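Number of protein chains: 2
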Amino acid sequence: MAPHGEGSEEAMVVQDENRKPISSILIVIAMQTEAMPIVNKFQLKEDLDSVFPKGVPWVRYHGVYKDLHIDLVWPGKDSTLGVDSVGTISASLVTYAAIQALQPDLIINAGTAGSFKVKGASISDVFLASDVAFHDRRIPIPVFDLYGVGSRQSFSTPNLLKELNLKAGKLSTGDSLDMSPQEEASIVANDATVKDMEGAAVAYVADLLKVPAIFIKAVTDIVDGEKPTAEEFLQNLAAVTAALDQAVTQVVDFINGKCLSEL
Amino acid sequence: MAPHGEGSEEAMVVQDENRKPISSILIVIAMQTEAMPIVNKFQLKEDLDSVFPKGVPWVRYHGVYKDLHIDLVWPGKDSTLGVDSVGTISASLVTYAAIQALQPDLIINAGTAGSFKVKGASISDVFLASDVAFHDRRIPIPVFDLYGVGSRQSFSTPNLLKELNLKAGKLSTGDSLDMSPQEEASIVANDATVKDMEGAAVAYVADLLKVPAIFIKAVTDIVDGEKPTAEEFLQNLAAVTAALDQAVTQVVDFINGKCLSEL
Numbered sequence: 001m002a003p004h005g006e007g008s009e010e011a012m013v014v015q016d017e018n019r020k021p022i023s024s025i026l027i028v029i030a031m032q033t034e035a036m037p038i039v040n041k042f043q044l045k046e047d048l049d050s051v052f053p054k055g056v057p058w059v060r061y062h063g064v065y066k067d068l069h070i071d072l073v074w075p076g077k078d079s080t081l082g083v084d085s086v087g088t089i090s091a092s093l094v095t096y097a098a099i100q101a102l103q104p105d106l107i108i109n110a111g112t113a114g115s116f117k118v119k120g121a122s123i124s125d126v127f128l129a130s131d132v133a134f135h136d137r138r139i140p141i142p143v144f145d146l147y148g149v150g151s152r153q154s155f156s157t158p159n160l161l162k163e164l165n166l167k168a169g170k171l172s173t174g175d176s177l178d179m180s181p182q183e184e185a186s187i188v189a190n191d192a193t194v195k196d197m198e199g200a201a202v203a204y205v206a207d208l209l210k211v212p213a214i215f216i217k218a219v220t221d222i223v224d225g226e227k228p229t230a231e232e233f234l235q236n237l238a239a240v241t242a243a244l245d246q247a248v249t250q251v252v253d254f255i256n257g258k259c260l261s262e263l
Numbered sequence: 001m002a003p004h005g006e007g008s009e010e011a012m013v014v015q016d017e018n019r020k021p022i023s024s025i026l027i028v029i030a031m032q033t034e035a036m037p038i039v040n041k042f043q044l045k046e047d048l049d050s051v052f053p054k055g056v057p058w059v060r061y062h063g064v065y066k067d068l069h070i071d072l073v074w075p076g077k078d079s080t081l082g083v084d085s086v087g088t089i090s091a092s093l094v095t096y097a098a099i100q101a102l103q104p105d106l107i108i109n110a111g112t113a114g115s116f117k118v119k120g121a122s123i124s125d126v127f128l129a130s131d132v133a134f135h136d137r138r139i140p141i142p143v144f145d146l147y148g149v150g151s152r153q154s155f156s157t158p159n160l161l162k163e164l165n166l167k168a169g170k171l172s173t174g175d176s177l178d179m180s181p182q183e184e185a186s187i188v189a190n191d192a193t194v195k196d197m198e199g200a201a202v203a204y205v206a207d208l209l210k211v212p213a214i215f216i217k218a219v220t221d222i223v224d225g226e227k228p229t230a231e232e233f234l235q236n237l238a239a240v241t242a243a244l245d246q247a248v249t250q251v252v253d254f255i256n257g258k259c260l261s262e263l
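Going line by line, the protein sequences match chains A and B.
By the count of UniProt numbering, the first sequence reaches residue 263 at its end, each step adding exactly one.
By the count of UniProt numbering, the second sequence reaches residue 263 at its end, each step adding exactly one.
Next comes chain A alone, as it looks inside the complex (with noise of 0.2 Å):
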C-alpha cells in the first residue's frame, strides 16, 4: 500500500501530503477487549451522535493526543448474538464507513494474533506486519488465484520498526480461529510469522480508498505449540492486551508530529 508512481501529478499530490505532519489517525481493533485499555490510555470518548448508519452495532472512539486526531473503530457486539463482530466482513465494513465519515491520515490496526514457534515468536510478543495476505481464500483459477492470496504490502514504515524495536513479520488473515491442513499449507506459502482474522481484509479496504495503513499484532497463541488455540487465546488475551496497548501506544508517539514519509 505504498504510495507509488513517479513524475506524475498525482505522486507529486501523494508527496506534499508525505511532508505534510500526520494529523488524524484511524485505529481499528476487532474486539472491545482489545480496544478499551487504549480507549483509557488515550481518554477517548465515545461518538454517541454517531458517524455510523442506525442500527450497526459499530463503535466509535475519538479524542485529541498531543497534536492528534484519534479515531479508534471496532465493530462492536452482534446485535443478536452479543459476541464481538470479529472477522473480515466486519472489520471491511467498519474500515470502510470509518475512512468515508473520517478521511484518516494513516490506519493502524491493532489486535492480538496467533504465531508460530517455527518462526521463533513468543506470547506477547508485538509484531509490525510488513506483508499482509489471506490463507482461506483458494481460488484454483489463473489470477484468481492471486486475488483471493490478496497479498499486499503494508505501508512501509523503517524508522518506527528500528525506534521502537518491534519485531517484524508477514501477516496472514483468514476468518476461522483455528487452523485447517489447507490453511496452513497457505499460510506457510504466505510465509507469515504471524495469523490474525482482520488484518488483510483492513488492508484491502485500506488499499481501495488508498489510505496509508499499519499492522501491529500481539502474540496471544502459539498455533504450532501444545495448546489448543482457543484454550490459550482466551487464557492470555487480557495479559497480551496490555502488551498491545503498550505497542500501540509507543507508536502513537513516535507517529506524534512526524509526517508519512519520517515514518
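Simulated from the structure, these hints should not be mistaken for laboratory data.
All figures in this text were calculated on a predicted structure; none of them were measured in a lab.
One should not assume that every hint holds.
[Said to hold, decoys possible] Listed next, the in silico EDC-like pairs over lysine to aspartate or glutamate satisfying Cα-Cα at most 16 Å (straight line):
| id | chain 1 | residue 1 | chain 2 | residue 2 |
| --- | --- | --- | --- | --- |
| 1 | B | 54 | B | 78 |
| 2 | A | 117 | A | 232 |
| 3 | B | 54 | A | 232 |
| 4 | A | 167 | B | 78 |
| 5 | A | 77 | B | 78 |
[Claimed, not checked] Listed next, with one range per pair, are the computed distances between beta-carbon atoms:
| id | chain 1 | residue 1 | chain 2 | residue 2 | range |
| --- | --- | --- | --- | --- | --- |
| 6 | B | 226 | A | 53 | 42 to 48 Å |
| 7 | B | 254 | A | 184 | 56 to 62 Å |
| 8 | B | 210 | A | 82 | 16 to 22 Å |
We treat Cβ as the ideally placed atom computed from N, Cα and C, and that holds for glycine.
Given chain A, work out where chain B should sit, using these hints.
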C-alpha cells in the same frame, strides 16, 4: 431476515411498508459474466456519475422496468489484477455502499453456485435459498461459533417459490472455490444444498441495515461429482448464466406490482 416483533410501533411501520408495492430492487451480482445478460435484458444503463467513492471498482447499472426501479451492482474488476472481485469482502462492501446510496426495498443476490448430487441437484438447476450460512468461519468458542456460522433465514417468499416452480434449498458461503474436508463438514452441518462465495455476506449486510434479501443461485458445478470444481465451473458458466438470467427475469416479473407481504 424476516421482519419480526409484533404490536410495537416499529412492527406497525414494517407492516405498512410490507403493504406498499415494491418500487425499487437492488440486484447484487459477483461476476461481470453473470451480470451482463441481466443488464441487457432489462436495458439497464451504466451509472457514469457514480454513487460510489472515487477509486473503487464497483459498477452500478440502473433503469426502470415496468413499475420497478432496478439497480444492479457488481464489485467490478480488481484494479491491480483485472479479475472480478469475487468473495465475501467485496460483496459485503458493495452491498453496504449500494444500500446506503440507493435505499432499495428488496435485495436480490443472484449468481452461479456449486451444488451436490447427494442433494439431488443437476447442472443448471435454479435454487431460491431458504437459509444462508458460512462454512469457513470456524471459531470454536461458545457463541462465537454461532456468530462464525452466521445462519440466517432469507426473506420468506412462499408465493414466488410456488408460482415460479423454483427449487428451495439452504445456501452455504465461503471464500474458496474448492472445498476442504473441514469446510465440507461445515456445509453438511449447515444442511446446505447450494455452495457459493457471496450469499451469506450479502445476507449479513442486508440484515444489518434491515433490508429484506432473497438469493437466486444457478448450479454451474456438482461439488461431489467427478469433475474438478474449477474446470466444471468455467465449462458451464456461460450456459448456466442463461438459466440464471431467465430465473431472475421471472422473479422480477413476479415482484412487479406486488408488496413484500405478497411475495
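Note to self: I'd like to know which numbered hints this structure contradicts. Please list them from smallest to largest.
What the structure shows: 3, 4, 5 and 7
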